[in-house]
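When you get a sec, could you build the whole thing from the sequences and use the hints?
There are 2 protein chains.
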Amino acid sequence: MTTLAVDDLAASRQFFEDGLGWTAAEGSNDQIAFYQLPGSAFALYSRAALEKDLGRTLSRDTLGGITLAWNGRSEGEVDAAFEQAVAAGAEVVTRPEKTFWGGYSGYVAIPGGHLLEIAHNPFWTLAGDGSVSLTG
Amino acid sequence: MTTLAVDDLAASRQFFEDGLGWTAAEGSNDQIAFYQLPGSAFALYSRAALEKDLGRTLSRDTLGGITLAWNGRSEGEVDAAFEQAVAAGAEVVTRPEKTFWGGYSGYVAIPGGHLLEIAHNPFWTLAGDGSVSLTG
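These protein sequence lines map, in sequence, to chains A and B. 4 is the number of the first residue of the first sequence in our numbering; add one for each residue after it. 4 is the number of the first residue of the second sequence in our numbering; add one for each residue after it.
Derived from the structure by calculation, the hints contain no laboratory data. Any given hint could be a false lead.
Which bits of chain A does chain B cover? Going by a derived footprint, with three or more residues having C-beta under 8 Å, they are [unchecked claim]:
no. : segment
1   : 25-34
2   : 50-62
3   : 69-82
4   : 125-137
Treat the numbers as computed from the prediction; the structure is a model and nothing was measured. Note that the Cβ used here is the ideal one computed from N, Cα and C, for glycine as well.
Given below as structure tokens:
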């Protein structure tokens, strides 16, 4: 499971649920929201609650050295997803462009500041449910 | 895909590959290593290369507000995975214990500093391949 610490859980849920159309899973509440991904889980969690769990203060810098990427099936899917994210309130960091490794990728900052890469990797396969397979 | 920025890719690969027994996927090189997870991908990436991609400096604080969790099928599996991670070079942050929400969880810091929760959630189901389903 990958978890994002957020200051305003209601605002973050609004981005994913109203903006991107995701559905929170059973067990979500006003402290944490869970989302089913293919084979894994994603969560939004109150920063204060996570700090209490860890017994440590989290950096306010959201560029702490972990990044997330959403993968699309084509450059067109990347462009569409990028526009959808921006329309839902994400900020443009780098617009999608061809990469040196043969892919196509851009970055947005989602509400709360975390970076999300929106990418197409022509060497990988995406199944119907969005599962990523690291072979062509 | 979830990506960890690391200073010493060789040392980080050694932790996951020699310590935990993971196998790097096709396309891995001395800048980036990819690993297949059920339905998604995990990568270790040179911090310098990621900073160049982003055009931004990453915080040296690895507690930037994203955390990762590995889920086991039982408290015993959590204890075994926790000991395996520590034997492979991870540092103990909090030893596994029962949580207020009915689970069992501890934290380690893996080489490079990123935190990894090692947990059992009795309300979730794990398939044979490790896929997480957010229903009991």
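These are the hints, each one checked on the structure:
With 3 residues bearing a CB less than 8 Å from a CB of chain B, the segment 25-34 of chain A meets the requirement of three and the coverage assertion stands. With a threshold of 8 Å between beta carbons, the proposed coverage of the segment 50-62 of chain A by chain B holds, since 8 of its residues qualify and at least three are required. Taking a C-beta to C-beta cut-off of 8 Å, the segment 69-82 of chain A contributes 5 residues in contact with chain B, enough for the three needed, and the coverage statement holds. Only when three residues or more bring their CB closer than 8 Å to a CB of chain B does the claim for the segment 125-137 of chain A stand; here the count is 8, and the claim holds.
Comparing the model with each earlier hint shows no violations; every hint is respected.
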